[in-house]
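Asks: Take a look at the letters that make up each chain.
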Amino acid sequence: MKNNYKLGNIEVISFILLVMINKLILNVPYYIVNLTGSGSIVNIIYIGIIDFIFLLIIIKLLNKFENLDLLDISEFLAGKKLKVIVGILSILLFMLVSFITLIDFSNVLHTIYFSNFNILLILLLFIIGILIANIIGFKSISRTATFIAPFAIFSVIVSFFSVFNNYDLEHLTPILGRNYYTTFCLGLTNTFAMYIIVYYYFLKPLLKKPEDFKKISIISYIISLGLLILTVTSMLTLFNTTTSSEPINSLFLLVRQIELGTFIQRVDSLFILLWIFSIFSYLSFVIFIVNRILRKLLNVSNEKMLSFSTCSILFGLTLLPINVSEIHFIENTLYKYIILGFMFGLNFIILILANIKKLRGNK
Amino acid sequence: MKKILSLILILNLSLFTLTGCNYTNGIDDYYFIISLGLDVTDNGLIKLSVQNSSTSSESESGSSSGSSSQSSNYKIYSVEANTIDEGIAILNNYLNKKINLTHCSALIISEELAEKGIRSYINTLSNNPELRHTCNIIISSTTAFDLMDKVSNSGEVFSARLYDYLTNTTDYTGFTIKSTFGKFFQGLDNDYYEPSAIYTSVNDSTVQTSGIAVFKNDCMIGHIDASQSIAHLIISSDLEDSVITLDNPFSDGEKVDLEISLYKNTDIDIELINNTPFISISVYPEGAVLSSGKSFNYIDDENIKKLENETNNYIEKLLNDYLYTITKKYNSDIVGFKALYKSEFLTRDSFEQTHWDEIFQDSFFDIKINSRINSSNLFNKE
Amino acid sequence: MFRFMYIVLGYLAGFLGIAFGFFIHFLLLANQSSFGVSFFAPYIPFTDLSKSETLHVDPVWKREKRNPYLNTKKPNIEDHISMKWRNNEK
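Residue numbers (numbering that gives the first Met the number 0), protein chains in the order written: chain S, 0 to 362; chain R, 0 to 381; chain A, 0 to 89.
Incorrect hints may have been included.
[To be verified] The calculated lysine to aspartate or glutamate pairs, modelled on EDC-like cross-linking and capped at a C-alpha distance of 16 Å, are: (1) K182/R - E210/S; (2) K74/R - E155/R; (3) K182/R - E169/S; (4) K46/R - E129/R; (5) K182/R - E258/S; (6) K5/S - E210/S; (7) K367/R - E285/R; (8) K328/R - E285/R; (9) K149/R - D170/R.
[To be verified] Just some of the chain S residues that point at chain R, by a computed CB distance under 10 Å: (10) G36; (11) I40; (12) D167.
No lab work stands behind these hints, which were simulated from the structure alone.
Since the model is a prediction, treat every value here as computed from it, not as a measurement.
Ideal Cβ positions, reconstructed from N, Cα and C, are used throughout, including at glycine.
Work out the full structure, taking the sequences as your base and the hints as a guide.
Replies: Right under this line is the structure:
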């Protein structure tokens with residue numbers, strides 16, 4: 000069937016890295032640095048290790064269920080009711096994520112480049128792009144993402160190295176931040192930065208070689224963590240953490256300062272172009288996941304037509320009157336704790352209980 | 000599928016044409032300024048001055064000498080307003096074009112305004128996506144308008160390089176620093192070092208850099224002269240090249256000129272002794288003798304050592320003067336000793352218990368100079 | 000044909016329009032295949048680039064493997080020592 004396109008290893012890794020890069024584009028490193036100050040690097044390494052152990056546990060638990068994703072496992076655990084509940088919660092999470100991503104990035108574009116343009120048209124352009132991507136099919140989305148991911152990674156790495164001359168290494172000290180409690184206890188909430196773990200619950204049925212799931216997860220996790228450390232380090236060394244100024248987009252401010260000699264200056268629009276591509280790919284992928292979940296819940300044969308309704312709902316959400324400060328509040332508080340609850344709470348408990356049920360069933 | 004695709008594409012395009020709210024600004028709609036000046040007026044308003052180069056079409060026909068199409072006519076427009084954006088709006092109305100700050104290479108602030116505090120103006124400009132962070136900040140001893148007027152009569156042909164002779168002098172004289180808007184804003188924003196800017200003195204017909212304007216938070220509290228600027232650059236390891244003149248150790252009444260730079264970054268070590276900062280600084284200048292009187296002999300090791308001792312004494316005196324000026328007189332840490340000291344602590348809370356801001360003024364210094372004389376240019380002995 | 004679409008999109012929505020156009024164009028190209036081989040063949044979907052003909056083509060005597068994106072039953076065109084009789088003669 001056309002809808003059953005399977006992803007190769009490189010394609011999956013590209014998707015996960017795109018998810019991470021989109022988080023880096025949208026102020027997540029800034030929120031981390033704002034909370035833990037100069038101790039951010041130690042904090043990221045600390046939560047990286049904790050999340051890695053958590054990821055290994057998830058892979059081990061998922062190994063018992065071949066080619067099943069979270070919805071199928073919840074159906075196995077407690078029947079259709081739990082499947083529907085988990086499905087609806089997952090849809091709500093992904094719609095929230097895509098809504099926040101879209102409206103935040105559109106606001107940045109509107110403020111900096113398109114101040115004469117109506118923001119609704121920017122949003123409409125994104126929505127139509129996502130809609131067309133989903134109608135064309137998952138094969139195109141995955142191949143486009145595989146093409147765009149290296150450029151997006153390159154943009155993050157270049158933005159780190161190009162501004163090296165302006166770095167103030169004194170901003171990295173004191174190395175443990177404000178105090179031990181902030182870095183190691185309060186800083187645990189920064190785990191929301193490794194949001195990619197949510198996607199591992201839904202990836203297995205999409206893989207061409209499910210036996211490589213462990214290898215793919217570990218490689219993509221380590222590269223994502225590396226990119227996060229790189230961006231947080233550049234944010235920390237370039238911007239001040241002791242005062243409370245909040246930029247609209249910290250990575251954009253970083254990229255504005257790239258200057259190689261007198262010829263290469265103000266190359267921020269090139270980076271914005273790469274980020275627009277990555278936002279398009281990422282949102283297309285998220286809407287595809289939402290369509291796949293809806294297909295499983297509603298038993299629809301052709302999920303492509305569901306794109307119309309999901310994209311309309313997404314556009315409707317973006318029409319909510321919401322200003323930049325409210326978006327940042329949602330990103331920094333509500334979104335953070337919802338993701339934490341989803342990653343470590345509901346899904347994990349379902350996996351553990353399903354494994355226990357399977358063990359008892361085998362006995 | 001193709002039908003749906005084409006329908007969507009047509010819908011997309013037709014939607015855009017129907018709304019008609021697309022408005023783009025072309026280059027002709029903008030008025031690109033080279034510099035922005037801020038002065039204070041008697042009635043509490045600010046005087047905003049903008050400088051632009053007017054390009055003439057006459058020189059486009061080309062001549063045998065190959066002149067460029069830019070002429071050296073610069074226009075300055077001024078307006079009084081409450082805030083910068085209000086002034087820009089009034090100028091937009093007057094000029095019938097929108098002022099664009101993307102090519103602004105200098106932000107000039109008068110000393111009088113700087114002494115009153117400039118945080119609000121810096122915050123306003125940092126919020127503007129057009130202004131580059133590499134735009135230089137210059138403090139004028141008289142008014143910004145006066146400086147812009149004198150600079151425009153300097154005869155410089157290329158508008159992009161109009162302020163280069165003020166801002167790039169530090170590379171070969173060491174008489175000031177490179178102060179950019181981004182660095183100044185960071186200095187205002189953080190509490191680890193105080194901001195500083197280029198200080199220029201404006202005479203009857205000339206403008207020249209004459210030191211560094213010292214700020215405490217956002218108010219200018221004074222300035223240090225050119226020789227102390229060399230000391231500042233030595234301590235912050237930013238000295239490229241500079242010429243110093245010492246007393247000739249071999250013959251009284253004569254002078255020796257040395258071209259100095261640094262062969263190694265300055266080492267700074269800070270510790271607290273009896274709740275007072277004790278800062279030991281090791282400096283590594285290297286020099287080449289430019290001119291040294293009627294006769295000299297630099298083949299002899301003893302002579303070189305004598306000259307090195309004299310250099311050490313001179314630079315030590317220079318650094319002492321500078322350090323006691325910024326601690327005792329101004330109490331303004333423009334070097335960033337606080338930033339260096341905090342790296343010895345694990346957490347910010349433990350660093351804040353030292354109350355560095357209160358004890359900085361009582362700092363005392365131990366300076367070690369390890370100079371070496373490398374060459375005497377063309378002749379070693381005369 | 001597409002260049003007019005890019006011109007119109009660029010006029011309407013600036014570089015965002017061009018990025019949108021490029022994204023859609025790339026999606027359409029990624030969907031295309033010729034006799035089962037994808038348009039962006041050795042790169043997307045990613046196959047072993049050392050075995051594929053990409054920027055350069057090996058000399059005739061070195062071409063031992065078929066391109067992996069063809070998904071052939073027999074990946075080898077010829078053995079490593081194809082002219083066995085020459086070795087036997089020696």
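Asks: K182/R and E169/S: Cα distance at most 16 Å?
Replies: 14 Å, holds
Asks: Take a quick look at whether K149/R and D170/R sit within 16 Å of each other, Cα to Cα.
Replies: Violated, at roughly 23 Å.
Asks: Need the status of pair K182/R, E258/S: alpha-carbon distance at most 16 Å?
Replies: Cα-Cα ~14 Å, so holds.
Asks: For K367/R and E285/R, compute the direct alpha-carbon distance and say whether it is at most 16 Å.
Replies: The hint holds at about 14 Å.
Asks: Holds or violated: the hint that D167/S contacts chain R, with Cβ atoms closer than 10 Å.
Replies: Cβ of D167/S sits 7 Å from chain R, so the hint holds.
Asks: Assess, step by step, whether the Cα of K5/S is no farther than 16 Å from the Cα of E210/S, and give holds or violated.
Replies: 13 Å, holds
Asks: Just to be careful, I want the Cα atoms of K328/R and E285/R compared with a cutoff of 16 Å; is the pair within it?
Replies: 30 Å, violated
Asks: Measure nothing beyond the straight line between the CA atoms of K46/R and E129/R; if it is 16 Å or shorter, mark the hint as holding.
Replies: 21 Å, violated
Asks: With 10 Å as the cut and Cβ atoms as the points, is I40/S at the interface with chain R?
Replies: 13 Å, violated
Asks: Holds or violated: K74/R and E155/R, Cα atoms, limit 16 Å.
Replies: Judged against 16 Å, a Cα distance of about 14 Å means the pair holds.
Asks: Holds or violated: G36/S as interface residue toward chain R, Cβ cutoff 10 Å?
Replies: 7 Å, holds
Asks: Does the structure keep K182/R and E210/S at a Cα separation of 16 Å or less?
Replies: Violated - the C-alpha atoms of E210/S and K182/R are around 52 Å apart, more than 16 Å.
When held up to the earlier numbered hints, the structure conflicts with 1, 4, 8, 9 and 11 and fits the remainder.
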